[in-house]
Structure formats: C-alpha cells, structure tokens
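Protein chains: 4
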Amino acid sequence: MPCQSSEKLNEVVIEAKKFTKYGKVADYIPALKKANPNDLSVAIYQPDGTCISAGDIKKKFTLQSISKVITLALALIDCGEKFVFKKVGYEPTGDPFNSIVKLELNNPSKPLNPMINAGALAVTHMIKGHSIEDRFIRILTFVQELAGNSNVAYSQEVAKSEFESSFLNRSLCYFMKQHGIINEDVEELLDLYTKQCAIEMDCLDLARIGLVFAMNGVEPTTKKRIMPAEVARICKTFMVTCGMYNASGEFAVRVGIPAKSGVSGGIIGAIPHRFGLGIFGPALDEKGNSIAGLKLLEILSTKYSLSMF
Amino acid sequence: MPCQSSEKLNEVVIEAKKFTKYGKVADYIPALKKANPNDLSVAIYQPDGTCISAGDIKKKFTLQSISKVITLALALIDCGEKFVFKKVGYEPTGDPFNSIVKLELNNPSKPLNPMINAGALAVTHMIKGHSIEDRFIRILTFVQELAGNSNVAYSQEVAKSEFESSFLNRSLCYFMKQHGIINEDVEELLDLYTKQCAIEMDCLDLARIGLVFAMNGVEPTTKKRIMPAEVARICKTFMVTCGMYNASGEFAVRVGIPAKSGVSGGIIGAIPHRFGLGIFGPALDEKGNSIAGLKLLEILSTKYSLSMF
Amino acid sequence: MPCQSSEKLNEVVIEAKKFTKYGKVADYIPALKKANPNDLSVAIYQPDGTCISAGDIKKKFTLQSISKVITLALALIDCGEKFVFKKVGYEPTGDPFNSIVKLELNNPSKPLNPMINAGALAVTHMIKGHSIEDRFIRILTFVQELAGNSNVAYSQEVAKSEFESSFLNRSLCYFMKQHGIINEDVEELLDLYTKQCAIEMDCLDLARIGLVFAMNGVEPTTKKRIMPAEVARICKTFMVTCGMYNASGEFAVRVGIPAKSGVSGGIIGAIPHRFGLGIFGPALDEKGNSIAGLKLLEILSTKYSLSMF
Amino acid sequence: MPCQSSEKLNEVVIEAKKFTKYGKVADYIPALKKANPNDLSVAIYQPDGTCISAGDIKKKFTLQSISKVITLALALIDCGEKFVFKKVGYEPTGDPFNSIVKLELNNPSKPLNPMINAGALAVTHMIKGHSIEDRFIRILTFVQELAGNSNVAYSQEVAKSEFESSFLNRSLCYFMKQHGIINEDVEELLDLYTKQCAIEMDCLDLARIGLVFAMNGVEPTTKKRIMPAEVARICKTFMVTCGMYNASGEFAVRVGIPAKSGVSGGIIGAIPHRFGLGIFGPALDEKGNSIAGLKLLEILSTKYSLSMF
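Residue numbers (our numbering), protein chains in the order written: chain A, 378 to 686; chain B, 378 to 686; chain C, 378 to 686; chain D, 378 to 686.
With the rest of the complex left out, here is chain A (with noise of 0.2 angstroms):
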C-alpha cells in the first residue's frame, strides 16, 4: 500500500505542487476560472475504510468529464453492454476530446468512445428517467451512494455558466441528432449533462468513488454491491485506454492506472483491489489534465510500483 501515513503523503504532495506553476485554470467555462492554481489535494481511500490524505482536502470541486465514467455505469446498468456500444464506440483516439471530424469522417457516425465528449453526450443521452429532472436524481443519486455521502450536491452556478458557453457541445449534438445517435432535445440533454458535470465533492469523496471501481463495484466496509463487476471492469477498462483526454497513452506508459481527469482539476483513480484516489489540482496541461496531479500520480506509481503492466 502506498504511504503508511499522511505524513509521507504530504512529502509527494510538496513535490508535486512545485509543478502546479507550469498549468493553468481552465478558462472556457467562466465559471471554473476562479479556482486557485496553487492548490493541491490528495486522497487515499482503503479497502478496511481507512483513509489518508493531503493538502486542503475541504476544497470542493466539480467532476467535469469524472462524470463520463459515472454516467457510463449507470447507463450501462440501465441499457446493457450490447445496446450501449451500439451506439458508443470502444476505441481510444488520437484526437482532441471534443473533436467533431471522426463524426463526419466515420461510416456510420458514432463517437469513437465514451471518454470523449460527443460519446460522453451519448451516454448521458441513454440514462433512463421520466424526465430531465428524474434523470438527473438517478445521476445524483448514484453519485452520492458511489460516494458514500448523501451530502454531495452540484453547482448551479458552474452548471448555469456551462450550459450557457458549451457551443461546441450543442454542436456536437445536433451532428449526431442528424445521424440518429441521439433523438432528445437537445438544449434538455444538455442541461443534464451540464448539470452532470457540475456535481460537486472534495478528493475524499472523489477517493471513495475509485475505491468502489477498485473493489469492483462493491462498497468494502458495508459489501454493498454498487453495481456489477462487469460494469465496474468496463469503466476501469476506458479509464486505462481513454482516461486522460489525448495523453492517456502516455499516462498508461508513465503510471498505468485506471484514472480518469476532468478540467475541473480534478482525478479519480482505482487502483484494481487495492484502492480508491481522489485529487484536486486546477491548474492543467495544455491537455487538460491536472499538471501537479499527473506529476504526483507519476511519483506515487514510481514509488509504490502502482502500474498494472
């Protein structure tokens, strides 16, 4: 297990934090600007319950594209593998995240994967639900049972300013609306997935989240069974081969674990039977991902030989 203490913990968090002075706050949704460069949080969360951690833990923070991950289980509870690749693709790109050209490019169109926007969108799409606002609790909710906390929230402030700017999103969808993908109306779906994205928590949260991917869909201290194996498996699947936007073949040869980023700053990890990561450090990459977050996972995985290969 990686670092018997918070002390030790602490030590790499220091390290890494050096590093946050090369990113920068994301930028396109007004309202994630604010966040603070120079934080960075970390936290480890154990299969017996325990948990370790680092940096300014209460910092809360919005899940982003976290969320795709999630909204890939439920939806894979609610449709089945088999209808849900369907529409999704498994592939892994070499293209930006919300890149649009593969739509066009590709016969017949689907997203190439659930990682990226435009099949994050369709995911989110399938998740079932009377309505927006039904669909949305059934996101929350899971959240919140993943989390193991029922305060967890989302900012309608980080929503509202999301749904207002994501241009690119709404085009994205009405390209797959065209070609049959998604057949809901769109400024809805968008609303939900804005909504989605703008879910709230703290790394320790975020930490046991991954545990639950970890532990292969079941909660360790209460063996609740959160949701299949098989679901859990996939998740982790695409974690590994799409996890961090268009370097996460990089992060597979430099770390090697199930993770996945969102431009919040955030990233969640799990580890495969050993456990859950929660971390929170805004200021990115050019490729949007968490600068001194992968420089810590990058130390971690040195250090405690974390890589699955």
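Since the hints were derived computationally from the structure, they do not count as laboratory data.
Mixed in with the good hints there might be a few duds.
Note that identical chains are pooled: a pair holds if it fits in a single copy or bridges any two copies.
Below, in silico cross-link-like pairs of lysine to aspartate or glutamate (DMTMM-like), each with a Cα-Cα straight-line distance of 20 angstroms or less [to be verified]:
1. 385 with 675
2. 464 with 627
3. 537 with 562
4. 398 with 433
5. 410 with 392
6. 680 with 388
7. 463 with 662
8. 411 with 455
9. 680 with 458
Remember, predicted model here, so these are calculated numbers, not experimental data.
Fit chains B, C and D to the supplied structure of chain A, relying on the hints for placement.
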C-alpha cells in the same frame, strides 16, 4: 445567342428530360419530397428584355442553395469585401457542402467559401437589419428587385419543414459560434436562413436574376443598377469555382459558365454580358445537382459554345 | 489590350516589384534557392505576333508546377478525356498542393485534380512513349512547339536537385501505386516528372505558350493547331479553378484569368481570345505563388478589366 | 492458472475454432495467402517452465506486426525512452494501422504510437548496427533469446513477397523522411523491416516470448534478465492500448490482457506475473486480427478471470 426560338429550346428540353429518370428528388427536407421528378423547365432572359422558355415554366420551386449567391451579394453590399472575407474564405473545397471537418482542422476556423453551408450561414449572419424579420424583408426585397417581380414570396411550409429538420446546420452554427465566426442566437439565424432558402419562384424569375448578374449588376431594360459591378463579378466567380457543390470542377470543364444549383432542383446561370438562365428540374444526381438541368446546360454549352474558357 | 507600350508595362512592374520584399525564394528544392528574390519580369504575347515586355526578361526559370498544365494537355491528346479523368478528378480542393490526406480518405482513392502534385504525377504517368527518355523528349518537344522555340531545354542541375529531395512526391507515388492509380516504377516516374518540372525558359517563351492556350490551341501567326480546342479549353478551366494552389479561389476573385504558377516564381496566363502572359518573380508568398507576380496580375486585371467574370 | 491441462485447453480450441469460418486469410502479402484458414493452435508458458498447448502447434507462422513489440523493446534498450518517444508518440489512434492522414495533419509530423506501421518503421529505423545485415542479426538474435530457441529464423519467401508489395509502407517512409523522422535509405529500411516481419516461429516460441514480457524481462527458469523491467512494462502498456490495431479498445474491454496481433494470424499475450501466450489462427476478421484467436482469448479471459481491469 443560344436558341433563337422556344421551339429549338424545347427540343433541348426534350433531349435532357430523358435523364430525369436517373435522378432522385431531395428527401432530406420533407417538404421537397413532393416534387415531380419528371419536371424540367428552362428560361433564357436576354439583355433586350426578350425571354424564351420551354417546359412547364409555371412550376414554382424554392431557391435553397441558389439563395447563397444572393445573400453573398447583399452581404458584400452591406459589409464590404474586406469584412466578408475576413470571416469566410475564397477557396473551393473537395469536401461535401455540409462538411464540418475543415472548420475543426483549419486554424483559425473559417468556412472555406460562401457557397458551402457553413460559409452561407456566416454570410446570412452578416446581413444587416434591426431584427430577423427586418433582415428577411431586406433579403426578400432584394430578390424581388433582382427578379423584377414584387410577387416573389417564401414558402412557409418549406421553411418550417427545413427549420425543424436542419440539425446539421445547427451543428455548423454552434461550431462557428464557439469560434466567434457568428455570435447571434443560432435558432434565430436558422429561422432567417431557412426562410431565405424557402423563397419561391419560377424559372423566368430566376433567369431574370441571372441576367442582372450577367450584366454586372445592371437590369438592362431599365438600366437600373441593382448591385455594384464588383459585387456581381465576385458572385459570378464563386458560381464558377464553387457553384455546383463538389461537382463544380467537372461542371466548369463540361459547361463552363457561372451557375449555382439548389437541392430543390433549381439552377441559375449568368453568362457574362450575354444572358441569364433559370432552370428547374427536381430530380437530383448524387451530388445534389439537377440531373437533367446539368444535361440541358451541357447540351446548350456544346451547341452554342457557352464556355468561358 | 492591356499596356499599349512596354513603357506602361514597365510602370506596372515597378509598382508590383515593391512587393518582392514580402516574399521568399523557394528553399525546399535546393537548386531554387539561388534565385534573386528582387527579380520581376513580364511578357505579353498578342495574336498578331507582337510582344511587349518589361523587367529583366532574359532571366530563365524552370517551369515547376506550370508544367502540370502542359502535361495535362499532352495526356489528353495521348489518352483522351475519358481515360484521363477516370484516374484523376475534376474538383478543386481546399487542401495544400502536396497533401496526401484525401488520397486515403476518398474511396476510391483518386487525386482530386491534375494541378495538385498527386494528380500531376498521375498525369505524367499517362504520357505515352517507349521509355522514360522517349516520353521526356515528347514532353520537351511539345513545350518547344508551344513556345515556338526549339532551344528550350531542361536544367539538369534543378532536375537532379529535385529528384534527390522529393520524398513527398515519392510518398504520393507509392500511395497511388498501392491503389493502382499508377503502376510503373516510381523512381522512373520521378525521374521523368522532375525533368518535366526542370524545363527552363524565359518569360517570353512562357507568354507564347500562354497565347496558344488563349487561342484555343492554335498558334495565331502560323495558324498551326498545336492541340485540339477542347484540350486547350479543359486546361484553361483547370487554370481558373486550381491554378494557384490553394489560393486559386482568391485569385479568381481578384484577377479572374486562367493562370498557373510554379514554385520557381513563374506564372503563365492565357486570356481567352486575347493574349498570353509570362511572368517571372521568384519571391513567393506563403502559398507558393510569386508574390509580386500576383500583384502585377492584380494591377493589370483592374486596370484593363481582364477578369472573365 | 488457466487450464490445468492440455485437455481442457483443447476444449477451448475446439469451441473457438468454429469461428475460423467467419474470417479470411490475409491476401495483401502474396506469401500469406497459402495459410490454412481452419488452423488454430495455442500455447501457454508458465513461470515454472511448464507449457500446455493445444491444436496443431508445429505450424509455423511469421511475426508480422507482433515484431513491433520486440523492436520497440530493442529500440528502448538501444536508445532509451526519451529518444524513442521524441520520434514516436504514446497515443492510441482511432485510425487504421496503415493510415498516413495524421502524419500530415499533426504538427509536428510524428507517428502516433509504435504499434501502427508508421511508428514501427520509425522504431526499426532506430535499431543500432553497422549495416542492415548487422541490425537484422541483432533483431533476430534478440528474438531467439526471448524465445529461448536459437533455431528461430526468417522466411526469405515472405520477406521477399512483402518487400516487393509494400508500397504503402514505402509511402509512409518517404513521408517520414520528408519530415526528418527517418533519414536512412528507404529501400534499406524496408528490407530490414520486411525481414523482421518475416521472422518465423511456432506458438510455443511465441508463448515463451510472452512469458519474458509477463515476468518483467526475466526468463524465469534461468532467471536471466533479457530486458530491463521498465522496457517490458512499457511494451506491455502499448500491447494493451494499441495491440489489436483499431480493435484495441474493444479487446481491452472483452479480454483485458497485454497482447499483440499480426496479419499472419499470430497473437502474443503477456499476463503480468502469470504466464505467456502464443496463438496462431490465420483466418482474420476485417480489422486484421485472428478471428478465432480473439474468440479463444475471450473464452479464456472469462473462464479464468484474466482481465487486468
């Protein structure tokens, strides 16, 4: 001058009409499906005000992409060449008219030319006016003036049908909004654009518009200048380089005149200093051009040496 | 007729020459680097056999991409329009002249037009002859006939320099060989192609070639037909739609004449029924066209209303 | 450990073999066409030196793309991680393994990863040695050492057949030469590369190589270290993210082990710390992977929980 008489023109129509059976009426805009695929009509308007025609010339059709030339003229009048081509390029493209790929791959993002959908939407965005209604009235009035027919109106049914189904155009608009090429409300712009596409006329009206372009912007019988010569020249240039979707190059070789087609089956032609042409033949080839209309132009061009080259 | 006298033409050259300082001599073919970026010369050849010129008209330059028009003419004579356009398309492209992307993305693989490198290589592949030597002599003799100058030869130095450095053209050739567009030995084809590109002349020779195209294939003083009118017409069409690399659309708007440029800084022009043009100005803009040559054409076109549109 | 006995393994082979009829033997390399599409064999090599196998395990096949993993290991040993990844990227791609598009569109031009053809050619280019012969002997000797079999050789017939027909690889090489990614003679590099692809073995040899990767570079019975642990780890990572052409993502979800396929129908597997796998089944699916081999791995993975995720 081609075809001294309607009789001779009629012979050409009969010959070209045989090709209607190899084409198909556009089906992606529901309201266009009703057209009779066997229709073919043509009108030739000469500077002296005489007009010869053949086929069922009373049939009306909507302008669709033909309107792109007209709004380009109006935008050039409204904003000037420099402004227009800061937002939209000059270059023909080997991509389909509704392609989004180059908007992502080109840096900075910019529609390649005003004849593809992205470019035409950006051009309509430039049309001045206090409101959507006002801007549409300006477009319609301009069309009426060009056609010398104040009865020209738009088809509410076609506009509505197109507005409801044009997801791809919405995708293009939001992509351009993301990149600052357009900055107005997308639904409003689409409302304006689909109305512009739904302006309805017969082939005589269209030939009269062609004549004004052919005469460098002057209506020859009244001598009234409707647009600057420079604007007419620019429009005719784009009709040659980009007027027939991604069959423009082949059309330039086979026919060699400034012309623009629409998916309704209309084609406008503007033979410099000579005459204007209006064609309606709703059966389309696989690139979206009137199949018998192209044949008709090919016959005329060969018979009367119309090619500019 | 533009410029009644060499004096007036000289004034235009002086004005256009100021723009040479914004351009750069081609450096990707080592032998071209030696050109003097300040050079600018022009010749205008008229049907009555008179020629006016300005600038240092004795300077020689290699044809480079200008040769694409000439081999297209010869291939059309050798193989006919149908055969040629089964292998090479008619359509302009928004991609760079040396792009390989569309060869992979289009199905079946086919160069978009004969003016991009892939298309020109496929065209040269069609030139008939018993051997590379024989085929080259046929091309050279054709050029001599067009130029009315049996002293036109090729630069061994430039051909060799280009042959040794044209890795991209080899890449295009092998890609096309894979797809059955060409089936001869690539090194041999490259040998032939680089020699064709290295044919050398001055701007008077070039203007004479332009005149033959302008007069539909007939040399006007001798009345000798050098190519069928149909072939001359097709070539002029491509000069308008694709003659200036991916600045062809802008050139059509600004100048509006059939013309073809080469990276040596040469430009051929063929104003239908009026005159031929030869320009040499080796300083290029970023798209590979003679920067002062374009300016010169723009001035002439505005001053003497040369645009066909 | 999967399959305690060859009998049980044989049952799996019988089940998987039914799928050979849905596949097709590779035909683009003439010499590969001779393979029997019904063949299927598998060997599992364990750290204690025992090996179980099933099917006609004496059948030999060439490595083809499987060799990409081995030359990557050798290049990492020769040049170090930093140097290798300056020339070749880390990222999986949604494009086909022989695609050239991204080499043009990405700036700077760089093969996306070492498992696509462009990347593998760039990797082979890095293998050190005084001559092509010397470099090939180094590769072959490395393969023999990994396989623990000094009789491993290459098929001259396959190498020759591939050398003569690999126009696409030449196209990729010249494109990379243009961009300075490789700078040696292309024909020589192709000679080396096609020989490497033509190295021949049976599935027992291949399983032994897989075992060395599985054991982090150490041959477990002799305890000899054949490559640094770091190198073995990097290779296994690419086997997960890019090992099955553009079906790698689906394979990761369905099977979840480091593996690499070749168009000969071979598949190498390296289950970390557990065992090595060698499969031969020449009938391929449309993405170029052994169709029955994939099925076999899917059955084994489900039955014995092999997935790493």
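Status of the hints after comparison with the structure:
1. For the identical chains of this complex, residue 385 and residue 675 are intra-copy neighbours only, at 15 angstroms inside a copy versus 41 angstroms across copies, given an alpha-carbon limit of 20 angstroms.
2. For a Cα distance limit of 20 angstroms, the shortest separation of residue 464 from residue 627 across copies, 14 angstroms, qualifies, whereas the shortest one inside one copy, 27 angstroms, does not.
3. Taking CA atoms no more than 20 angstroms apart as the test, residue 537 paired with residue 562 passes in both settings, with 18 angstroms inside one copy and 17 angstroms between copies.
4. Taking the shortest alpha-carbon separations for residue 398 and residue 433, only the intra-copy value of 17 angstroms comes in at or below 20 angstroms, while the best inter-copy value is 58 angstroms.
5. Within a single copy, residue 410 and residue 392 get their C-alpha atoms no closer than 24 angstroms, and across copies no closer than 52 angstroms, so neither meets the 20 angstroms cut-off.
6. In this homomeric assembly, residue 680 and residue 388 come within 20 angstroms of each other (Cα to Cα) only inside a single copy, at 12 angstroms, whereas the closest approach across copies is 43 angstroms.
7. For a Cα distance limit of 20 angstroms, the shortest separation of residue 463 from residue 662 across copies, 19 angstroms, qualifies, whereas the shortest one inside one copy, 33 angstroms, does not.
8. In this assembly of identical chains, the alpha carbons of residue 411 and residue 455 never lie at most 20 angstroms apart, being 36 angstroms within a copy and 41 angstroms across copies at closest.
9. In this homomeric assembly, residue 680 and residue 458 come within 20 angstroms of each other (Cα to Cα) only across copies, at 19 angstroms, whereas the closest approach inside a single copy is 36 angstroms.
Hint compliance for this structure: hints 5, 8 are broken, all remaining hints hold.
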